[in-house]
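Number of protein chains: 2
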Amino acid sequence: MTGPRLTPLAQSLPATVPFVGPETQERARGAGFAARLGANENGFGPSPRAIAAMTEAAVEIWKYGDPENHDLRQALARHHGVPAECIVIGEGIDGLLGYLVRLLIGPGDAVVTSDGAYPTFNYHVAGFGGVLHTVPYCGDHEDPVALFAKAAEVGARLVYLANPDNPMGSWHDGAAIRAALDALPPDTLLVLDEAYIECAPQGTQTDLPADDPRLIRFRTFSKAYGMAGARVGYGIAAPELIAAFNKVRNHFGMNRAAQAGALAALQDQDWLAHVQACIATARDCIAAIARDNGLTPLPSATNFVTLDCGADGAFAKAVLDGLVARGIFVRMPFAAPQNRCIRISCAPEPELDLLARHLPDALAEARAAQQG
Amino acid sequence: MTGPRLTPLAQSLPATVPFVGPETQERARGAGFAARLGANENGFGPSPRAIAAMTEAAVEIWKYGDPENHDLRQALARHHGVPAECIVIGEGIDGLLGYLVRLLIGPGDAVVTSDGAYPTFNYHVAGFGGVLHTVPYCGDHEDPVALFAKAAEVGARLVYLANPDNPMGSWHDGAAIRAALDALPPDTLLVLDEAYIECAPQGTQTDLPADDPRLIRFRTFSKAYGMAGARVGYGIAAPELIAAFNKVRNHFGMNRAAQAGALAALQDQDWLAHVQACIATARDCIAAIARDNGLTPLPSATNFVTLDCGADGAFAKAVLDGLVARGIFVRMPFAAPQNRCIRISCAPEPELDLLARHLPDALAEARAAQQG
Chain A
1 MTGPRLTPLA QSLPATVPFV GPETQERARG AGFAARLGAN ENGFGPSPRA
51 IAAMTEAAVE IWKYGDPENH DLRQALARHH GVPAECIVIG EGIDGLLGYL
101 VRLLIGPGDA VVTSDGAYPT FNYHVAGFGG VLHTVPYCGD HEDPVALFAK
151 AAEVGARLVY LANPDNPMGS WHDGAAIRAA LDALPPDTLL VLDEAYIECA
201 PQGTQTDLPA DDPRLIRFRT FSKAYGMAGA RVGYGIAAPE LIAAFNKVRN
251 HFGMNRAAQA GALAALQDQD WLAHVQACIA TARDCIAAIA RDNGLTPLPS
301 ATNFVTLDCG ADGAFAKAVL DGLVARGIFV RMPFAAPQNR CIRISCAPEP
351 ELDLLARHLP DALAEARAAQ QG
Chain B
1 MTGPRLTPLA QSLPATVPFV GPETQERARG AGFAARLGAN ENGFGPSPRA
51 IAAMTEAAVE IWKYGDPENH DLRQALARHH GVPAECIVIG EGIDGLLGYL
101 VRLLIGPGDA VVTSDGAYPT FNYHVAGFGG VLHTVPYCGD HEDPVALFAK
151 AAEVGARLVY LANPDNPMGS WHDGAAIRAA LDALPPDTLL VLDEAYIECA
201 PQGTQTDLPA DDPRLIRFRT FSKAYGMAGA RVGYGIAAPE LIAAFNKVRN
251 HFGMNRAAQA GALAALQDQD WLAHVQACIA TARDCIAAIA RDNGLTPLPS
301 ATNFVTLDCG ADGAFAKAVL DGLVARGIFV RMPFAAPQNR CIRISCAPEP
351 ELDLLARHLP DALAEARAAQ QG
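Protein sequence lines correspond, in order, to chains A and B.
For the first sequence, the numbering used here assigns the number 1 to the initial residue and increments by one for each residue that follows.
For the second sequence, the numbering used here assigns the number 1 to the initial residue and increments by one for each residue that follows.
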């Protein structure tokens, strides 16, 4: 082709997409999903105060958002009891991961993650020419000790750990991560993805000082706060690292209504508590549905439950396909042996009723195919 | 500092911000602005149908947006009469410029723009290690012939041209740009920023095929469509280049309500026509206010009017400071000799009345300081 040449790095990148959205599948099926249980969205929804704030902001959408995200940043600082200089706000954790990788990773730099952990992180690492090294899960848990040992072995600049974990729903005590950090190489930054932390038991947080230079924590309004479509995430780290985001971020990238909505959501902790209770109930409900069908629900500290289908990845994929064909959007882990599972997002009763209604048929179909 | 090391490129970047937001100035002043005329926002606002769509989407904000932006992309394709494969949607033109530069510019690659043109483009070029070469404005117009000649001279990968231009409001006939393109080097991509095109006279568009490999056009919902805070921009280019954005973009980066709002805004062309008329009236009004005060309004094909204050940059800055001190947010060009001007965004009558009321005092103050 004549015309512009991509950089050698860009040329080498595949045009892969980390995730296929449910709308793409709906268009392919020619029908909408009746239950949206695949992306760990939170169908209990955001605080009514957040909805009101976004509605109010809609008439002022002709104004750019505040590029400093001042009000939300200050409120988050108060909420977490940390200096505002330790907080960066961005277009979801996905956007912030992109900025972080750009700041720290150049061609050939080593990065460590778990085999089967968050694909969008891997997408960014590849996108800046980093070299990914993986360690296996230990049981259904990410393995901090092995991750940090691998980081030392390969001289990693970044190591990724989600606590609680996606896609398995498992978690570690914050104390265990704190202890493992002693073995983190001095040149390695821990990317601690806490997207699901509001769904986890007490003690899951690390309780390290915000300015600990060994790690950056990421949080989001997409999960427990029920605002995935708003794209508001934030990072907590030492001021030097937080300030570096200003070198590369899209300063005017935040949606103004999303800024207002996230602030209102943060200020309605009663609603968060209500949603946390709904999530706990939904987890029990999903677990019961799984057991009724002979599947094994894994313990979860998230707003989803991962169900062990008891066979291999092909069988789990058949179960998933059967659910999708019946209008139930679900996803599953990408890597073996986690891909023996399917992953079900917590949702209000009507959606879980649909799961309960259709799972037996999906399973029967998958079992028939397995035997056939 | 111990802890993570930035890449050498990131280390070398200043923590500059392309623009200081009005909210930052309001916090510094300890008072809000009474008129917001500095960021070329569109106070006539978005279509009521867009507001309704965003309001409706607020209750569904728990869902991620469609990562393919399918509905908006298809609607834009129909609107422009181009294949959907020629359109990429992103987090404002700013976000798309970042992706484009990332795809095409590596350390040391040459890029050409006008001295005093869009700083955010320059920010991205620096951010990926590109080397910026500038040519002066010709009168108050960007100079396509000189830009493309400089691109040939330095072997540029990208050359930036805004038509209509910001910050001067000037424009070229599309035919003139088409003619100049014959001299564009074969390895150079023209970045044609058409953020203000809906405010321009017939004939300002280039009317080149969407798949012309020599250029990418950028459009936005931030200006004439009145949705700056939503962050919705798009690019039109050859399918090969458009597809490359999928290698690096934040696939789930679009706000779901913004997607819905932009679609509704596009479908309300009557509202756009109404706003275009309001903008034309406001331009005349700003020009009249300027003349009443002995300033020279420059011709404008945008939703702002650049006022020649008739002296140097220091004088224009004094006028600007006088307006800001009186609660009127305005900005001015960064580079000489354009910085003899201040730039006033079109706005509803009450804001322009405030301008009319306070400009005489701001000017008197600036003149007194000049003589003192």
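Please note that the accuracy of each hint is not assured.
Copies of the same chain look alike in the list, so a pair counts if it fits in one copy or across any two.
[Unchecked claim] Straight-line distance between alpha carbons at most 25 Å, and here's what the computed SDA-like set of lysine to any residue pairs gives: (1) K150 - R5; (2) K150 - L295; (3) K150 - T7.
Calculated from the structure, these hints are not laboratory results.
This one's a predicted model, so the numbers in the text were calculated from it and none came from an experiment.
Taking the hints in turn, this is what the structure says about them:
1. K150 - R5: For K150 and R5, only the inter-copy Cα distance (19 Å) is at most 25 Å; the intra-copy one is 37 Å.
2. K150 - L295: Classified as neither: same-chain Cα gap 34 Å, cross-chain 67 Å, threshold 25 Å.
3. K150 - T7: Classified as between: cross-chain Cα gap 21 Å, same-chain 31 Å, threshold 25 Å.
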